[in-house]
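For reference, the chains in residue letters:
2 protein chains.
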Amino acid sequence: MVISEKTACLIIIGDEILSGRVQDLNLNYLAKWLNQQGVDLKASHVIQDVEDVIISTLNSARKTYSYVFTTGGIGPTHDDITSKAVARAFGVKMELREEAVDLLKAQYPNHKISKPGIKMATFPVGAEMIANSVSAAPGFKMENVYVMAGIPKIMQAMLGVLEGQIEGSGIVLSKAVTAYISEGKMALPLENIQKEYPNTTIGSYPFFNNQDDFGTTLVVRSRDEISVTSAIQDIKSWLDKNEARYKEGERK
Amino acid sequence: MVISEKTACLIIIGDEILSGRVQDLNLNYLAKWLNQQGVDLKASHVIQDVEDVIISTLNSARKTYSYVFTTGGIGPTHDDITSKAVARAFGVKMELREEAVDLLKAQYPNHKISKPGIKMATFPVGAEMIANSVSAAPGFKMENVYVMAGIPKIMQAMLGVLEGQIEGSGIVLSKAVTAYISEGKMALPLENIQKEYPNTTIGSYPFFNNQDDFGTTLVVRSRDEISVTSAIQDIKSWLDKNEARYKEGERK
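One line per chain: the protein sequences are A and B, in this order. Quick note: the first sequence uses our numbering, first residue 1, plus one each step. Quick note: the second sequence uses our numbering, first residue 1001, plus one each step.
Computed cross-link-like contacts, PhoX-like style, restricted to lysine-lysine with a CA-CA straight-line distance of at most 20 angstroms:
(1) A:Lys252 <-> B:Lys1153
(2) A:Lys185 <-> B:Lys1105
(3) A:Lys115 <-> B:Lys1185
(4) A:Lys247 <-> A:Lys175
If you're looking for bench data, these hints aren't it; they were derived computationally from the structure.
Just chain A, with the same shape it has in the complex (with noise of 0.2 angstroms):
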């Protein structure tokens, strides 16, 4: 059974992940919040603050998947570029959206809306906003494309708003072993389980802490329960047969 897949790609646009200054946890968030929505993550693109880097990245992107999401660069300050570089890439206009205005005004009724407001308030032409209920500056979407701030809080809020938005294509299940072996010992057996369950991805993941310490988490991840639980059992009689020690899940 073959299930058009929905699928989603994230551009994460900031000098200050790239410069290692702050440690990205928006893909991680949105990795696990899409898969609640049934839309697989296929890929993440980090990018500078570069408007024909954020425009080629984008264009690129946008028809490649079925969504693509942003974070950063939706600030008042001279290095905040994604929205104008969205709207070029669209081949749109800028507008000023006094609603947009109305929410920066409600939230700091004590400041004079300046310039670098008005750039908060102001969007590609066709924008549809995204409430942001941390700090009010509201993100956008066009078309299949959703403009994000790169503060997670932020993210995170106005991926909120967008739950149950975004159509997927069935609940990925997903299924883990962790045992104490070494990743080789399991290597052939898994290769064969694999090829036994097409429909699933088999992911074999090692941990290593110390020479005591080590071991492999065993992943079955696909849309049909039936095959994740006969390959996971698989995998559970393999390492029985074999005498190893392992429990059920991820280590913890």
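Using the hints provided, position chain B relative to the given structure of chain A.
Same frame as chain A, but now just chain B:
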């Protein structure tokens, strides 16, 4: 003064990052390490364990950047396909390397080197091995491409081996001021300071914990120390003049 910039790209090969199972830590570590080598990390791509995707991403990156680093997919199991993909990207065959077999034998004296072990001792023709002090199985270098393990501890050990082997183009200096004012207030003067010091990159990174704890970290980066110091001084002068609270350096 234009210095020919040494640039880098990181390709993170790993379904486990894209599924959200694992939080990537290698990008941040590599970014900081490259800073110390005087190399600018320009982009990073997180891609699936799919051979054609690895090949096209790698072949594009190795023509574009001075150095390309990859993490993940060099273990013994069926989902470890990086080495073979790199060989195909370079148009070379794979070959067994006896010195790698010896390394594995020395690390695991009680094991017969089986087919999966052989796989970890098999490299693209022409590869230079990168020692792995943690679990023996080496990474490797092909021209300007450095192929490393995905497990952070092993990846870090491999980078340690590369210390001093990567030619840089001068260390990028970085100074920061943390201002406890909203990003918008600082936007215009910051834009002017950026214009005055075109050989610096001034980043403005807002943080927002709650209505009483928010602000903006301002980071000036350049290979020219005098410009960094002057730009930071101008930022502080503006903050003083506007009676804004701030402190030197990053927010802790």
